[in-house]
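*Asks:* Required output: the full structure, derived from the provided sequences and hints.
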Amino acid sequence: MEKKLYTLIVYSENIAGLLNQVTAVFTRRQINIESLNVSASSIQGVHKYTITAWTDGETIVKVVRQIEKKIEVIQAHYFTDDEIFYHEIALYKLSTPKLESDAYISKVIRRYGASIVEVNPVYSIVKKTGMSDEITALNSELQSLGCVLQFVRSGRVAITKSCVERVNEFLAEREAKHLNNKHINNL
Amino acid sequence: MSKERITGAEALMRSLEHQGVTTLFGYPGGSIMPAFDALYGHRQTLNHILVRHEQAAAHAAEGYARVSGRVGVCLVTSGPGATNTVTGIADAMIDSTPIVVIAGQVGTSFLGSDAFQEVDLVGVTQPISKWSYQIRRAEDVPMAVAKAFYIARSGRPGPVVLDFAKNAQVEMFDYEPVDIDYVRSYVPVPDTDEAAFDEAARLINAARRPFALVGQGVELGNAQEELLAFLEKADIPCGTTLLGLSAIPTDHRLNKGMLGMHGNLGPNVKTNECDVLIAVGMRFDDRVTGNVETYARQAKIIHLDIDPAEINKNVKVDVAVPGDCKHTLRCLTDRLCEAKHNDWIDSFKPYEEQEFARVIEQEVYPQEGPLKMGEVARAVSEATGNQAVLVTDVGQNQMLSARYFKYSRKRSIVTSGGLGTMGFGLPAAIGATFGTPERTVCAFMGDGGLQMSIQELGTIMEQRSPVKIILLNNNYLGNVRQWQAMFFGRRYSFTPMLNPDYMKIAEAYGIPSRVVERREDLAAGIEAMLAADGPFLLEVAVIEEGNVLPMTPPGGTVDEMLLEC
Ligand SMILES: Cc1ncc(C[n+]2csc(CCOP(=O)(O)OP(=O)(O)O)c2C)c(N)n1
Ligand SMILES: [Mg+2]
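Residue numbers (my numbering), protein chains in the order written: chain A, 1 to 187; chain B, 1 to 565.
The set of hints was computed from the structure by calculation and includes no laboratory data.
Hints may contain errors.
To be verified - Here are the simulated DSS-like cross-link-like pairs (lysine-lysine), alpha carbons at most 25 Å apart as the crow flies:
1) K62/A / K313/B
2) K161/A / K62/A
3) K4/A / K62/A
4) K69/A / K93/A
5) K313/B / K300/B
6) K313/B / K4/A
7) K147/B / K69/A
8) K4/A / K69/A
9) K4/A / K316/B
10) K326/B / K182/A
11) K177/A / K326/B
12) K127/A / K93/A
13) K3/A / K313/B
14) K326/B / K300/B
15) K128/A / K98/A
16) K69/A / K316/B
17) K127/A / K107/A
18) K316/B / K326/B
19) K182/A / K340/B
20) K3/A / K161/A
21) K69/A / K326/B
22) K62/A / K300/B
23) K93/A / K107/A
24) K177/A / K410/B
25) K340/B / K326/B
26) K313/B / K69/A
27) K62/A / K316/B
28) K161/A / K4/A
29) K3/A / K410/B
Claimed, not checked - On the chain A side, residues computed to face chain B include the following (Cβ under 7 Å):
30) Q21
31) D56
32) R174
33) K177
34) H178
Idealized CB from N, CA, C, for every residue including glycine.
*Replies:* Written out as structure tokens, the structure reads:
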């Protein structure tokens, strides 16, 4: 089956140890995680994991269901690139003398829409946000110019294009159903 | 209700009582001593069974849960006490058995320091439990216990671990009982949409050769009657998984026997002939399906399961019916037309006859030669009026006792299916005697597996726990020996085994016992065993190189079973 890069977005309660449980689902199936970002979500007390991994369409469904089975996971969904807006950020540490001696380097930086955020006599820091491919391409160009001292990139952050906020809806629905059951039991 | 200031350990006992716990299995040690001290004051209400090894506590809790439908409970110390339960936790996970394992833990100020008997139990058990939680403060005890029991028993049941830090056992707080029946991130029973029922019913109503696969989910969901109503209305024959054997009486006309590697010929062959396959509370384990590439390819498949992660996991299905099968079976039955499938049902007969002539006759009714495991199992079953609970260990003893026992009541088989844990049988049987004290509990053991938990004879002695132990002694790790014979050119690498004198062992434990070596002594031996008031060890010397048949070799196709080897 054809492999694709999938982005999983997982919402969970904010408790220690959950990251292990989520990543273990990938490990058991021998799927490499390409990138991982964990942070607070827009909902108070809810954490958001954004995970990218190469796999096929059948496996990703199984992975998502097994993640969703963890007690503290609220919801898990997978997306292909056309269903989300996503970004990464990268920082490039360049040699300042090289940067100053070769004007072409600055041209490349501008062409990629990257910006210089720090300059000192030894090194300069260039920041680039954007898609994975651009970040990689900028890196290769800079590498070929021999000016890169260090290069780091973040995991992907992604946001859905959909007009419904599934997690909010899910939580509201759960709450309503629970209250309703309670009500019935009290009658 | 007024609050009372008590320790975390005392709160544990009250929380257990609040959950309706009456029985627990355990073993004390340093980090759980405050809890055991509190338990001492609750001996009237909480019957604690001291096992002889913590693995046995977990298996006993499983046996208790499997026969009773209640949550089994273990109480053990940290470190080695806790790690000893790991096999039982994994076993309960894969067989969906509700147990709560409460283990001591070092005080929170020592956590992470490699303190004496510190093990990261939550880390160890997370992948093999439904939920694993560390209690670090006394005031969390009521919530943690309530949540643990709710999670263990709801939805697809499973094991829950509570890692109870020592400081939380001794600290004081204002206790108030807690009830939990809702965790917002946890959906125990998925919703079913009406369209799924309609589509499933449409397929079944149009089917000419419908066939149902019955799993343990029917027992767990207490849906035995709903299953019968469903099968009978549309006249659907069924096969059962190993764990689902007693979900429908053995002698029911629609029950065509066991599925899988060592199941019956008919249901396996017919899996690949039916036009609609309806799986109820089973998970298409590889021991059931054999090679999935050749499994039921001709059939439309409908899958009823409470766990959405099981749908399309191993076998792709046409209609998924997520939900609690007690409910989903009813909804489906309502939509079914009454039907008759006489020709289809009759078509199982030639396979039954073939299996009888080539396998069953010599296994259950041999006229000469050494005793066979199958004939012992059938004789024991019949001597109990087919009313007993069968507990098995793992190996040939398991397959043959499961095959030839007969089931007339629900929740009558306790066996380690998914994990295949040798050493499970004896402690699980102890647990079963507490879970259903009014029933006869027969534990079929191999000579290998008995020795993996033989220390539990001590528990049986102390409790006078009325386990009827049937030791099927073949002087081999028989199941492995059979595979060596079939697939490894009869190279018996470390499967012959020198056995001790089990009669002397039984005597040392004060357990009445008897050896049967000849066919003509079997009935009397069984009678003596069942007549004994309390435990009994019946050792039966059986054929040394017997084989479990029929068999679908691993990775083979369900309808190509070997009838001899
Ligand atoms: C804990 C454990 N270790 C090893 C095995 C592998 N195994 C499966 S069956 C078997 C042989 C069991 O021998 P015995 O208990 O004498 O039963 P028999 O098959 O002879 O009836 C073994 C070693 C297992 N299932 N569990
Ligand atoms: Mg043996």
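*Asks:* Taking only the CA atoms, is the gap from K4/A to K62/A under or equal to 25 Å?
*Replies:* Between K4/A and K62/A the Cα gap is close to 15 Å, so the pair holds against 25 Å.
*Asks:* With the threshold set at 25 Å, check whether the alpha-carbon distance from K4/A to K316/B stays at or below it.
*Replies:* At roughly 21 Å apart (the allowed maximum being 25 Å), K316/B and K4/A satisfy the hint.
*Asks:* Quick one, are K313/B and K69/A close enough, alpha carbons at most 25 Å?
*Replies:* Satisfied, since the Cα-Cα distance of roughly 14 Å is no more than 25 Å.
*Asks:* Is the interface hint for H178/A satisfied, with its Cβ closer than 7 Å to some Cβ of chain B?
*Replies:* holds (5 Å)
*Asks:* Against the 25 Å threshold, does the CA-CA distance of K147/B and K69/A hold or violate the hint?
*Replies:* Status holds; Cα separation ~16 Å.
*Asks:* With a cut-off of 7 Å, does the beta carbon of D56/A approach a beta carbon of chain B closely enough for the hint to hold?
*Replies:* With a closest approach of 13 Å, the D56/A hint is violated.
*Asks:* Quickly compare the C-alpha distance for K127/A and K93/A to 25 Å and report which way the hint goes.
*Replies:* holds (9 Å)
*Asks:* So, as I understand it, the hint says K177/A touches chain B; can you test that by seeing if any CB pair is closer than 7 Å?
*Replies:* The hint is violated - K177/A has no Cβ within 7 Å of chain B, the shortest such distance being about 9 Å.
*Asks:* Given the hinted pair K4/A and K69/A, is their alpha-carbon gap at most 25 Å?
*Replies:* holds (24 Å)
*Asks:* Do the alpha carbons of K161/A and K4/A lie within 25 Å of each other, as the hint requires?
*Replies:* OK: K161/A and K4/A at ~19 Å, within 25 Å.
*Asks:* With the threshold set at 25 Å, check whether the alpha-carbon distance from K69/A to K93/A stays at or below it.
*Replies:* violated (42 Å)
*Asks:* Hinted pair, alpha-carbon criterion (25 Å max): K69/A, K326/B. Please report holds or violated.
*Replies:* holds (21 Å)
Consistency with the previously given hints fails for numbers 4, 19, 24, 29, 31, 33, ordered from lowest to highest.
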